[in-house]
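Undergrad: If you want the building blocks of each chain, they are given just below.
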Amino acid sequence: MSPARAEVLEGNAVTGWLYSHRDQILVLLILLAGWHGLSLLLGVYWVGTPWGVAVRLYNGLLSGELIRHSSYTLAEALAGFVIGCIPAAILPFLLRRLPIVTAILDPFMVGGYGSPKLALAPLFILWFGIGIESKIALVAFTVFFIVYFSTLSGIRALDTKLVLMAEVAGASEANVARYIIFPGAVPHIFTGLRIAMPYSIGGAVVAELISANRGLGYLIQLRSMNFDTTGVFVALTAVCLIVFICNLLVNFLERRLLKWRPPSDVTAQKE
Amino acid sequence: MNAATDTFAADDAAAARNRKIIIRGGQVAVAVALIWIWKIGADTAGELFVADPFKVWDRLIKIAMSGELWMHTYETLRISFIGFVIGCFFGVLMPFVLRRLPRLTDAIEPYIMASVGVPKYALIPLFILWFGIKDAPKLWLIGLLVFYPVFIAIFAGIRGVDGRLINMARVVGASETRISREVIWNALLPFFFSGLKIALPRAVSAAIIGEFLVGNKGIGYYIEHSRQQMDVTGAFTGIIVATALVLIVNSALVYIDKRVNAWRPTDRHMAV
Amino acid sequence: MSALLEVRGLAKRFATRAGREQSPWIIQGLSFSVNEGEFLTIIGPSGGGKTTLLNMIAQIDCATDGEIRFQSNVAPVNDMKSLKPGLDCQIGYVTQEDNLLPWRTCLDNVLFPLQVQGKLNDETKARAQSLIRAVGLAGWENHYPHELSGGMRKRTSLIRTLVYDPPVILMDEPFGALDAQTRLQLQDDLMRLWNLGKKTIVFITHDISEAIALGDRTIVLTRQPSAVAGEHAITIPRPRDIRGIMTHPEFIELYNRIRAQVQ
Chain A
1 MSPARAEVLE GNAVTGWLYS HRDQILVLLI LLAGWHGLSL LLGVYWVGTP
51 WGVAVRLYNG LLSGELIRHS SYTLAEALAG FVIGCIPAAI LPFLLRRLPI
101 VTAILDPFMV GGYGSPKLAL APLFILWFGI GIESKIALVA FTVFFIVYFS
151 TLSGIRALDT KLVLMAEVAG ASEANVARYI IFPGAVPHIF TGLRIAMPYS
201 IGGAVVAELI SANRGLGYLI QLRSMNFDTT GVFVALTAVC LIVFICNLLV
251 NFLERRLLKW RPPSDVTAQK E
Chain B
272 MNAATDTFAA DDAAAARNRK IIIRGGQVAV AVALIWIWKI GADTAGELFV
322 ADPFKVWDRL IKIAMSGELW MHTYETLRIS FIGFVIGCFF GVLMPFVLRR
372 LPRLTDAIEP YIMASVGVPK YALIPLFILW FGIKDAPKLW LIGLLVFYPV
422 FIAIFAGIRG VDGRLINMAR VVGASETRIS REVIWNALLP FFFSGLKIAL
472 PRAVSAAIIG EFLVGNKGIG YYIEHSRQQM DVTGAFTGII VATALVLIVN
522 SALVYIDKRV NAWRPTDRHM AV
Chain C
544 MSALLEVRGL AKRFATRAGR EQSPWIIQGL SFSVNEGEFL TIIGPSGGGK
594 TTLLNMIAQI DCATDGEIRF QSNVAPVNDM KSLKPGLDCQ IGYVTQEDNL
644 LPWRTCLDNV LFPLQVQGKL NDETKARAQS LIRAVGLAGW ENHYPHELSG
694 GMRKRTSLIR TLVYDPPVIL MDEPFGALDA QTRLQLQDDL MRLWNLGKKT
744 IVFITHDISE AIALGDRTIV LTRQPSAVAG EHAITIPRPR DIRGIMTHPE
794 FIELYNRIRA QVQ
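Chains as they are written, first to last, in our numbering: chain A, 1 to 271; chain B, 272 to 543; chain C, 544 to 806.
There may be inaccurate statements among the hints.
Derived CB-CB ranges, DEER-like [claimed, not checked]:
no.: 1; chain 1: C; residue 1: 722; chain 2: B; residue 2: 372; range: 42 to 52 Å
no.: 2; chain 1: A; residue 1: 113; chain 2: C; residue 2: 622; range: 52 to 62 Å
no.: 3; chain 1: B; residue 1: 372; chain 2: A; residue 2: 247; range: 23 to 33 Å
no.: 4; chain 1: B; residue 1: 405; chain 2: A; residue 2: 183; range: 45 to 55 Å
no.: 5; chain 1: B; residue 1: 364; chain 2: A; residue 2: 113; range: 22 to 32 Å
no.: 6; chain 1: A; residue 1: 98; chain 2: B; residue 2: 285; range: 14 to 24 Å
no.: 7; chain 1: A; residue 1: 179; chain 2: B; residue 2: 367; range: 44 to 54 Å
no.: 8; chain 1: C; residue 1: 789; chain 2: B; residue 2: 367; range: 48 to 58 Å
no.: 9; chain 1: A; residue 1: 183; chain 2: B; residue 2: 372; range: 39 to 49 Å
no.: 10; chain 1: C; residue 1: 752; chain 2: B; residue 2: 370; range: 42 to 52 Å
no.: 11; chain 1: C; residue 1: 722; chain 2: A; residue 2: 110; range: 34 to 44 Å
Beyond 12 Å from chain C on every Cβ pair, some chain B residues (computed) [said to hold, decoys possible]:
no.: 12; residue: 334
no.: 13; residue: 373
no.: 14; residue: 375
no.: 15; residue: 386
no.: 16; residue: 436
no.: 17; residue: 456
Pairs of lysine to aspartate or glutamate residues, derived as EDC-like cross-links and limited to a Cα-Cα distance of at most 20 Å, are as follows [as the list claims (entries may be wrong)]:
no.: 18; chain 1: C; residue 1: 624; chain 2: B; residue 2: 447
no.: 19; chain 1: B; residue 1: 333; chain 2: B; residue 2: 453
no.: 20; chain 1: B; residue 1: 291; chain 2: A; residue 2: 106
no.: 21; chain 1: C; residue 1: 742; chain 2: C; residue 2: 581
no.: 22; chain 1: B; residue 1: 468; chain 2: A; residue 2: 106
no.: 23; chain 1: B; residue 1: 488; chain 2: B; residue 2: 406
no.: 24; chain 1: C; residue 1: 627; chain 2: B; residue 2: 447
no.: 25; chain 1: C; residue 1: 662; chain 2: B; residue 2: 453
no.: 26; chain 1: C; residue 1: 741; chain 2: C; residue 2: 753
no.: 27; chain 1: C; residue 1: 742; chain 2: C; residue 2: 722
no.: 28; chain 1: B; residue 1: 468; chain 2: B; residue 2: 528
no.: 29; chain 1: C; residue 1: 662; chain 2: C; residue 2: 651
no.: 30; chain 1: C; residue 1: 742; chain 2: C; residue 2: 753
no.: 31; chain 1: C; residue 1: 627; chain 2: C; residue 2: 651
no.: 32; chain 1: B; residue 1: 291; chain 2: B; residue 2: 314
no.: 33; chain 1: B; residue 1: 488; chain 2: B; residue 2: 339
no.: 34; chain 1: C; residue 1: 742; chain 2: C; residue 2: 708
no.: 35; chain 1: C; residue 1: 624; chain 2: C; residue 2: 604
no.: 36; chain 1: C; residue 1: 662; chain 2: B; residue 2: 406
no.: 37; chain 1: B; residue 1: 529; chain 2: C; residue 2: 581
no.: 38; chain 1: C; residue 1: 668; chain 2: C; residue 2: 651
Derived from the structure by calculation, the hints contain no laboratory data.
Quantities reported herein were computed from a predicted structural model and do not represent experimental measurements.
For each residue, glycine too, the CB sits at the ideal point set by N, CA and C.
Let the sequences and hints guide you as you build the complete structure.
TA: Encoded structure:
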């Protein structure tokens, strides 16, 4: 194929994409125009212009300020996420053969799952100070219950016939856990991780809002106290970008680890 | 469940009763142990870090007697309820409007789904900046937090209504209003409830978080104010009230859901 | 004889999406008529547009071409908006799936048509009860559909249509997914109920024995696009013994003739 012809085809693909998404592009333009219109109407003091936010975002990234605060928030979210997830994913496996213990723990777990965990933020700040530790503790606590219940549902939803088949085929208890239960529960664990991920970042940001001296939540709070709406928008955009990127990462990991699943994602829909 | 439960089913009723007693006893033991650990924690860490459980109890009685507790609880419930109604209204209305406008739905769906990922709590300072320090910023926060789960549940529910049931109803002579009331409404109810189960506890939590940051009333305010005064007992008491409030709302919803959606096979099996 | 329901030159193809090839004809040039009080069975290969045919007669789907006439009413062609589903309750439709409302109990499902038609009174309620007894559902009235077996659900959906007494009833392989024993029982029930009222029934099936055992007349459809491949009057005298009919000499002769036509 000659290069010129390929270019024409690519041009067609691009215009084709633009054409099929014309409604969505129109909505985006309307949203941006509405935003800009609002900032003209109310003044930059109340609503920063989209262009102003883009410039500040770019400058913030260049100067390293935004990166520094983002990395604090990200570090808190990530550390809390890992500390909360690991015991939450392991515990149901340990409890699999102990239905009575599971039943005893159940009301406490349900209570922990339903309780307003962000309301504990002041407590964690009291215990661990205004630094990174209090945020990690809050995030870990939040994430734990979400992942615990999705892992538990994964183990419960497991096909008993598969386990019996493996036992009949002579698999040991360890083998059953390793080859049947774990792979069967992984999709559910991932569903839990996918749900918990935005909570971990949100939790870190909320704790920072309440009391901190760095991080994106702190940045949002500081700038809004200084009536710097453009600055608040920039920090918010950074938070959204982090959530978006983390989402992509979890989805990517899930697709890599769960290649065996049929494309119509039945498990995820059931959750 | 697994093989262990099957053996229980095979055993006689006495074994099942024994098992229930063991579970209830275990739960009481765990609860006592938790309070005991709490007490030890209070004794070792000191009252600047962990409040004494008995003093928390005394405080609870005291603010209940003085009326302070009811005032704060009322405030928190009031703000959560108004915010909840606002969020629910738009969350239910929008899918019904969008149902009739498929082209608009396709155009705005990616933006709605993208905005789900925005951490709403991070918007509080902006809301305070824009809407002042009265109810408005809290209502915006609660409204947004309630809107999304309700919207998503109803949206999915409307897409999932079985067209064959609608056709059947038409053939036997049901009017369109009748179909909306009978088929669509009933088919949507479980989805609506699954949205509510997320949204309603969330509304109360959001009210409490909002009160941390703005206002001078409500349980959230009581917690944060106590913390700032280094009144650890007060903070603990507030947190316990907040947790109890959310858990009560939660279990009330679960109970109503079971009643209203009794026809669903899954609930039946879970209840058995 | 006067034809109650007449289908002439019927054709159907589903709407094509932009930029794709035209979708094939499902039905083309299909013509037949149904007399009042007749039990007509229709046999055709699976995927042959039989359900689509009934959907069009019941007016929940639209013909692309041709004519469907019920008494003086002509169904609209290519105009989904002016369809009249069920033609003011004159055409009942027992679909392939039972389509019971999962949030209504067995009895409430049976009463549903009466309720929406505003005909719920002591007389019709008693009729519903007697139908429930007639098909052996007594004692199950207050159970939800998911608590009933497949056969019971089928019976419920059958008497849900019988209860409001439409002059014509369409049946789309109603007994297709049932086990042989339940099917025989239900065929028996249906014969009994039909003998009481002598309704006009259009019954679709892919089972040749069922078509012969139940019908006054059988129409055999061709492969897609569907048209009439053959027509057979069934003169086996009624009342028929559903279980013993296989040994009737006329049955065997009919069976062989029809099987030759069903490709």
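Undergrad: Could you run down the list of hints and mark each one as holding or not?
TA: Each hint tested on the structure:
Taken as a hint, the range 42 to 52 Å holds for the pair residue 722(C) and residue 372(B), whose Cβ atoms sit roughly 47 Å apart. Checking the proposed 52 to 62 Å range against residue 113(A) and residue 622(C) shows it holds: the Cβ atoms sit about 54 Å from each other. At about 28 Å, the beta-carbon gap between residue 372(B) and residue 247(A) stays in the expected band of 23 to 33 Å. For the hinted restraint 45 to 55 Å between residue 405(B) and residue 183(A), the CB-CB distance of approximately 54 Å keeps it satisfied.
The given range of 22 to 32 Å is respected by residue 364(B) and residue 113(A), whose C-beta atoms sit roughly 30 Å from each other. Distance hint check for residue 98(A) and residue 285(B): the Cβ-Cβ separation is about 21 Å, which falls inside the suggested range of 14 to 24 Å. The hint said 44 to 54 Å for the Cβ distance between residue 179(A) and residue 367(B), and at roughly 48 Å that hint holds. Between residue 789(C) and residue 367(B) the Cβ separation comes to about 55 Å, which falls inside the hinted range of 48 to 58 Å.
Distance hint check for residue 183(A) and residue 372(B): the Cβ-Cβ separation is about 43 Å, which falls inside the suggested range of 39 to 49 Å. Between residue 752(C) and residue 370(B) the CB atoms are about 46 Å apart, so this pair conforms to the stated range of 42 to 52 Å. Between residue 722(C) and residue 110(A) the beta carbons are some 43 Å apart, a value that agrees with the proposed interval 34 to 44 Å. For residue 334(B), the shortest C-beta to C-beta distance to chain C comes to about 45 Å, beyond the 12 Å cut-off, and the non-interface label holds.
Every CB of chain C is more than 12 Å from the CB of residue 373(B) (nearest about 14 Å), matching its label as outside the interface. The Cβ of residue 375(B) lies farther than 12 Å from every Cβ of chain C, with a closest approach of about 19 Å, so its non-interface assignment holds. The Cβ of residue 386(B) lies farther than 12 Å from every Cβ of chain C, with a closest approach of about 31 Å, so its non-interface assignment holds. Here residue 436(B) does not stay apart from chain C, with its beta-carbon only about 6 Å from theirs, under the 12 Å limit.
Chain C draws residue 456(B) into its interface by the beta-carbon criterion, the shortest separation being 10 Å against a cut-off of 12 Å. At roughly 13 Å between alpha-carbon atoms, residue 624(C) and residue 447(B) fall within 20 Å of each other, so this suggested pair holds. Between residue 333(B) and residue 453(B), the direct Cα distance comes to roughly 51 Å. Violation of the 20 Å bound is thereby established for this hinted pair. With a C-alpha separation of about 13 Å, the suggested pair residue 291(B) and residue 106(A) falls inside the 20 Å cut-off, and the hint holds.
Using a Cα cut-off of 20 Å, the hinted pair residue 742(C) and residue 581(C) holds, with the two alpha carbons roughly 7 Å apart. Distance hint between residue 468(B) and residue 106(A) is fulfilled; the C-alpha atoms sit about 18 Å from each other, no more than 20 Å. Under the criterion of a C-alpha separation no larger than 20 Å, the hint pairing residue 488(B) with residue 406(B) is consistent with the structure, at around 11 Å. Under the criterion of a C-alpha separation no larger than 20 Å, the hint pairing residue 627(C) with residue 447(B) is consistent with the structure, at around 12 Å.
Taking the CA atoms of residue 662(C) and residue 453(B), the gap is about 17 Å. The hint holds against a cut of 20 Å. For the suggested pair residue 741(C) and residue 753(C), the alpha carbons sit about 18 Å apart, so the restraint of at most 20 Å is met. Our distance criterion of 20 Å between C-alpha atoms is broken by residue 742(C) and residue 722(C), whose separation comes to about 26 Å. Simply put, residue 468(B) and residue 528(B) have alpha-carbon atoms about 9 Å apart, close enough for the 20 Å limit, and the pair holds.
The straight-line distance between the Cα atoms of residue 662(C) and residue 651(C) is roughly 14 Å, inside the 20 Å bound, and the hint therefore holds. The suggested pairing of residue 742(C) with residue 753(C) holds, with an alpha-carbon distance near 18 Å, which does not exceed 20 Å. Distance check on the hinted pair: residue 627(C) and residue 651(C) sit about 25 Å apart at the alpha-carbon level, beyond 20 Å; violated. With a C-alpha separation of about 35 Å, the suggested pair residue 291(B) and residue 314(B) falls outside the 20 Å cut-off, and the hint is violated.
Pair hint residue 488(B) plus residue 339(B) holds up; C-alpha atoms about 10 Å apart against a cutoff of 20 Å. A hinted pair counts as satisfied when its Cα atoms are at most 20 Å apart, and residue 742(C) with residue 708(C) qualifies at roughly 9 Å. As the CA atoms of residue 624(C) and residue 604(C) are separated by approximately 10 Å, the hinted pair is consistent with the 20 Å bound. Pair hint residue 662(C) plus residue 406(B) does not hold up; C-alpha atoms about 52 Å apart against a cutoff of 20 Å.
Between the alpha carbons of residue 529(B) and residue 581(C) the distance comes to roughly 48 Å, so the proposed pair goes past 20 Å and is violated. Between residue 668(C) and residue 651(C) the CA atoms are separated by roughly 11 Å; this keeps the pair inside 20 Å, and the hint holds.
Taken one by one, the earlier hints fail for this structure at numbers 16, 17, 19, 27, 31, 32, 36, 37, listed in ascending order.
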